[in-house]
Amino acid sequence: MKRRYLLWVMLSLFILGMALSGYSKAEAADQENCLMCHKYPDLARIGSDGHVKNYYINEHIFLNSLHGQVACRRCHTYIKKFPHDPVTQKVYCGNVCHIKPPFAEENFSHRKIISVFESSIHAIKPGDSALMKKSDPDCKYCHLNPLYKQVETIDYGKTLDRCLNCHQRKGVTQAYHHIMHRLRHKTSRSSQQIVALCGGCHGNVPLMKKLGLPERALTAVNTYEESIHGKMVTLGSEKAADCISCHASSLLHDIYKPDNPKSSINEKNLLTTCKNCHKKINKYFVKIAVHPSLEDPHNPFLFVLNNFLLRLILYGTVFGLMGLLFMETYRRKKDGANMKLKSGTSWRKKKK
Amino acid sequence: MTASVDETTRRGPIAETLPEDYFTYVPGVGNIPRDIYKHVKSNPYGDLPRYSAHIVLQHILIFTTFITLAATGIPLHYANLFWAPYVISLFGGIDNAQLIHRSAAFVMIGACVYHVLTIVGSTVLKIIKKEFDIRRTQVPMPKDLFDLIHDVKYFLGIEPFRPKMEKFMYKQKLHYLAILWGSFVLIFAGTALLYPEKIVLLWPFDPSFIQDLARIMHADEAILALIIIAFWHLSNVHIVPGRYPAQWTVFTGRITREHQIEEHFLEYLRNLEEIPEEREYMRSLLSELGYAEKEGGPE
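Residue numbers (numbering that gives the first Met the number 0), protein chains in the order written: chain A, 0 to 351; chain B, 0 to 298.
For reference, chain A alone in the conformation it holds in the complex:
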């Protein structure tokens, strides 16, 4: 009962917050009235795989998302009539939108970044196995059309008011949202979320084995979590490196095998990549293992040290000294020592 009560309080606070925040300005994105049907929360069906698929669109959430100003059919291009046929095609993110960004000559498109992605290791390549084709991530695996987030330290309303001195509200609000979203962090996901996203597949060792990944890639998630970067990120650091800090340049999508000269973790590029965070480094620094395994180190001396010598010293010292302490306490108590030092002495006086 208590939990339900808490839920209601949080829910009402959330609704109140949404109402007060003024984010939910209903702008006309739904030009073609798709929400006539999709506004119903129970608009769902059971797919051929037995899972319930929900087709509900929350207008207020969608309008505050990255694609809030894009009309439905700009992406869902295959919908030609109303009511539409069952959808069999997937959305293709490389479409040219009918939106022209400010100061741009051409209509907007994700084509440029998609071409980077398509050269990367994660793109589907002609020689790939069926399993690899199925396992390779597509755009939507990582990009979920998130809500805009603001920089916490900047007074959002005040700054926007200044912009409105010259610019039109609609366009500049959108642009402002967009820039602020990017200013927050290198990605809209936190470092922890990035590790969880990459680890979702790369931590699945049986799948990675089936896909034929090299040995060092199989342990990559575990060894990362053992490393100082991984531990810092696990505890919520925003400064420590996550997966894409090293494995991609500022393009974020250019992830290659290390032997590819374009790769940010190629031997020749390591110095540049590490310098993003570690300013004063030298050619030896980049040879330090970023994915070290302390359970199974590369050096036999470290293996023996970590697994046998240090444990022996630890247990030997602790149990030896504690044993001595217990013996001492037992004998001193037997000899007449009290716990407390009371009225000048801690030794029991025998009756004379």
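Think of the hints as simulated: they come from the structure by calculation, not from any bench. Keep in mind the model is a prediction, meaning the values are calculated, not measured. Just so you know, not all the hints are guaranteed correct.
[To be verified] In silico lysine to any residue, SDA-like type, Cα no more than 20 Å apart, as pairs: (1) B:Lys172 x A:Gly319; (2) B:Lys40 x A:Ser342; (3) A:Lys282 x B:His58; (4) A:Lys261 x A:Val95; (5) A:Lys238 x A:Ser248; (6) A:Lys339 x B:Val239; (7) B:Lys197 x A:Asn275; (8) A:Lys278 x A:Glu266; (9) B:Lys163 x A:Leu323; (10) B:Lys166 x A:Glu327.
[As the list claims (entries may be wrong)] Per the computed footprint, the stretches of chain A lying under chain B, defined by three or more beta-carbons under 8 Å from a beta-carbon of chain B, are: (11) 117-124; (12) 146-160; (13) 312-320.
We treat Cβ as the ideally placed atom computed from N, Cα and C, and that holds for glycine.
Once you have looked at the hints, place chain B on chain A.
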């Protein structure tokens, strides 16, 4: 004068035959029996000098920074365990905790330097004044090993009395050596972790080796130190009989009379030489207990 009959019965069957060195003759005081500590009066805040104000201050600096370092470092080592984020949140996030850890480390290194300066300085002063006595220092001696064996025999009931030990007994010397080695490892490994690009120049052939070694040693040494301090050191100084619930030496720098006589008997004899009041106290106690001074020792 021998130990009277009731004295023997009072101590029970173990001490039916008294060891030869049961009485220690101190000129001007008398024959001091080894177990006199059971009869002396002690002030819980300490009667006799043990640590100078410098040492007390260094200890305070070391243990405050040690707690801070452990509280910010151990959760990082065990980042995957459920409690780690809660401890880190006490310091305002891991990025703050990192800064606090490094600042505390520099304060601790400062305290170590301060300690070395104090020790070296006072030793030089003592040598100049010709007061230096290596037996009153932390330098390990063969006697410590024999003391340990003797003490274990006492714990097992084979020996009736504890060994006569110096200002620093085997426990303290062991702990001091461990701290020397531990701080060396922790400071060196910590430096390697903080400045990997500089330390790597010491062994440029395998940069991963020195870094992994630093990581292993830093964590292991810290955990060893934490366990030893939390269980052994704190029990020894605050929980064992006679010290419970707290010993005040840590702040006052003074040791109780009964503790000094029991565990640091030879240092107590020096206290008798150096402190006239203590001599007076012991003389009156001895005559009260019936061990009046006679020339030439017992019998």
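Results for each hint:
1. B:Lys172 x A:Gly319: holds (16 Å)
2. B:Lys40 x A:Ser342: It holds: about 8 Å lies between the C-alpha atoms, which stays within 20 Å.
3. A:Lys282 x B:His58: Given pair lysine 282 (chain A), histidine 58 (chain B) is violated - Cα atoms ~41 Å apart, limit 20 Å.
4. A:Lys261 x A:Val95: violated (28 Å)
5. A:Lys238 x A:Ser248: Measuring from Cα to Cα gives roughly 16 Å; hence the hint holds.
6. A:Lys339 x B:Val239: With Cα atoms ~9 Å apart, lysine 339 (chain A) and valine 239 (chain B) stay inside 20 Å; holds.
7. B:Lys197 x A:Asn275: Holds: lysine 197 (chain B) and asparagine 275 (chain A) sit about 18 Å apart, inside 20 Å.
8. A:Lys278 x A:Glu266: Holds, at roughly 18 Å.
9. B:Lys163 x A:Leu323: holds (18 Å)
10. B:Lys166 x A:Glu327: holds (19 Å)
11. 117-124: violated (count 0)
12. 146-160: With 0 residues close enough to chain B, the hint is violated.
13. 312-320: holds (count 5)
Figure legend: structure checked against the earlier numbered hints; hints not met, in rising order: 3, 4, 11, 12.
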